[in-house]
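Chemist: Here is what each chain is made of, one letter per residue.
Number of protein chains: 2
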Amino acid sequence: MIATPVLFAAAEAGLRLKPPPAPEYDTIDAEAAPVIICGFGRFGQIIGRVLRMSGIRFTALERDPGQVDVLRRFGTKVYFGDPTRPDVLRAAGVEQAKLIVVAMDDPPGVLRTVDMVKRNFPHVAILARARNRWYAHLLMDRDVDGLVRETFYSSLQLARQALLLLGTDAGMAERAVTLFRDHDERNLVETHAIYRDEQQLIQNQQQAADELAGLLEADRR
Amino acid sequence: MIATPVLFAAAEAGLRLKPPPAPEYDTIDAEAAPVIICGFGRFGQIIGRVLRMSGIRFTALERDPGQVDVLRRFGTKVYFGDPTRPDVLRAAGVEQAKLIVVAMDDPPGVLRTVDMVKRNFPHVAILARARNRWYAHLLMDRDVDGLVRETFYSSLQLARQALLLLGTDAGMAERAVTLFRDHDERNLVETHAIYRDEQQLIQNQQQAADELAGLLEADRR
Chain A
1 MIATPVLFAA AEAGLRLKPP PAPEYDTIDA EAAPVIICGF GRFGQIIGRV
51 LRMSGIRFTA LERDPGQVDV LRRFGTKVYF GDPTRPDVLR AAGVEQAKLI
101 VVAMDDPPGV LRTVDMVKRN FPHVAILARA RNRWYAHLLM DRDVDGLVRE
151 TFYSSLQLAR QALLLLGTDA GMAERAVTLF RDHDERNLVE THAIYRDEQQ
201 LIQNQQQAAD ELAGLLEADR R
Chain B
222 MIATPVLFAA AEAGLRLKPP PAPEYDTIDA EAAPVIICGF GRFGQIIGRV
272 LRMSGIRFTA LERDPGQVDV LRRFGTKVYF GDPTRPDVLR AAGVEQAKLI
322 VVAMDDPPGV LRTVDMVKRN FPHVAILARA RNRWYAHLLM DRDVDGLVRE
372 TFYSSLQLAR QALLLLGTDA GMAERAVTLF RDHDERNLVE THAIYRDEQQ
422 LIQNQQQAAD ELAGLLEADR R
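Quick note, the sequences are listed as chains A and B, same order. Heads up: the first sequence runs through residues 1 to 221, numbered per my numbering. Heads up: the second sequence runs through residues 222 to 442, numbered per my numbering.
It is possible that part of the hints are untrue.
[Stated by the list, open to error] In silico contact screen, one side only, chain A against chain B (beta carbon under 8 Å); selected entries:
#1 Val68
#2 Ser155
#3 Leu166
#4 Leu215
[Unchecked claim] Derived list of chain B stretches under chain A, where covered just means 3 residues or more per stretch with a C-beta under 8 Å from a C-beta of chain A:
#5 388 to 399
#6 413 to 426
#7 434 to 442
Quick caveat, the hints were computed from the structure, so don't treat them as lab data. Model, not experiment: these values are computed from the prediction. The beta carbon of each residue, even a glycine, is placed where N, CA and C say it ideally should be.
From just these sequences and the hints, can you work out the full model?
Modeler: Next comes the structure, spelled out in structure tokens:
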């Protein structure tokens with residue numbers, strides 16, 4: 001039997017108009033931990049494992065049910081819940097927490113979560129994952145306690161490997177990467193004041209490139 | 222005038238069946254450089270800037286025309302071209318290159334590029350960006366010369382900041398992150414042999430967690 005186009009259209013329209021069923025988030029039964037990690041994918045998990053190794057308790061929230069299933073098969077304790085919602089954070093014990101790590105793979109969701117936490121739970125420190133320079137600046141606008149650009153340190157690591165493969169000695173490669181990193185992080189803070197002005201950013205980029213060119217030379221002397 | 226559903230359908234079918242117009246890639250006029258960077262977004266650019274600072278020439282290829290436009294407005298030299306294609310790499314001077322850095326934000330595209338380079342240009346070393354553990358193992362299957370998980374080092378950096386905010390002293394935080402990093406990178410290599418076997422991976426993860434729990438303790442003694 002072949003359905004008519006009208007039926008297809010109706011079914012599609014129905015699919016579009018019907019709101020998604022309200023997800024049934026987990027009831028969080030853990031005693032309050034000093035840290036809440038929002039988003040427990042590849043990024044949040046590493047942070048959780050370093051904390052666990054250091055004997056620091058945390059509560060992990062993840063809003064992708066597929067990811068929650070996989071983690072549980074691997075024996076990881078994680079709660080299914082949407083960290084952008086204040087009631088979910090409250091249930092996770094935010095009122096007793098010292099620190100929230102906002103580690104979702106969803107830049108606008110990260111900003112929404114930071115805004116919501118600042119508004120509702122101003123006592124708690126916030127560390128956030130930034131997609132790139134632009135989001136790093138948006139997070140600085142929000143006065144978070146710390147942030148990291150999500151691929152910055154790994155690209156530095158691959159740059160170091162590239163220098164080694166091309167014959168640079170290990171000490172020199174390390175030095176180049178460290179000088180670059182410090183220069184670029186200073187530059188990230190300096191450009192916060194002008195990040196919405198493309199002309200000024202272009203000028204700054206040219207100046208930064210000139211500075212970098214002389215940096216290794218100056219360091220060698 | 223209202224078009225009939227039939228015309229809409231025909232137009233849609235037409236859109237689907239017609240192949241996209243062949244993009245006109247740039248003619249690459251640079252003299253051959255020792256390094257080709259495939260993908261010049263936030264990841265590839267950092268590598269390019271570290272190389273430039275170190276006085277090492279490279280040719281950058283980017284297949285997103287919007288990204289190419291932005292980079293050119295900022296004075297960055299980058300060629301519009303698809304690095305998964307051997308003719309594009311040949312035009313970029315791969316035959317004289319020593320190293321290709323495969324840095325696209327497209328994990329299957331990264332694998333295709335690595336396979337194509339291994340097949341066509343076996344003389345050149347390859348460093349690759351891996352999305353996560355799974356892709357890291359797929360890249361190890363391909364015997365690349367080096368790889369990095371694209372968010373791994375930044376998540377370690379945010380973990381270090383979390384330890385500091387919670388009152389761990391700087392030396393101890395640094396030590397915890399370094400021990401974890403070395404343990405996890407060894408574990409990545411060890412699990413390469415079993416990465417398609419979920420039961421073995423689950424056992425390995427439990428064992429790794431137990432090892433990590435004792436690692437800081439052993440280090441303190």
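Chemist: It remains to establish, for every hint, whether it holds in the given structure.
Modeler: Hint check results:
Interface restraint check: Val68 of chain A against chain B, minimum CB-CB distance 16 Å, threshold 8 Å, status violated. For the restraint placing Ser155 of chain A at the interface with chain B, the shortest Cβ-Cβ distance is roughly 4 Å, inside the 8 Å limit, so the hint holds. The beta carbon of Leu166 of chain A comes within 6 Å of a beta carbon in chain B, closer than 8 Å, and the hint placing it at the interface holds. Residue-level restraint check for Leu215 of chain A holds (minimum Cβ-Cβ distance to chain B is 6 Å; threshold 8 Å).
Counting residues of the stretch 388 to 399 of chain B whose beta-carbon sits less than 8 Å from any beta-carbon of chain A gives 3, enough to reach three: the coverage restraint holds. Counting residues of the stretch 413 to 426 of chain B whose C-beta lies closer than 8 Å to any C-beta of chain A gives 4; at least three are required, and the coverage claim holds. Three residues within the 8 Å Cβ limit are the bar, and the stretch 434 to 442 of chain B against chain A gives 3, so the coverage statement holds.
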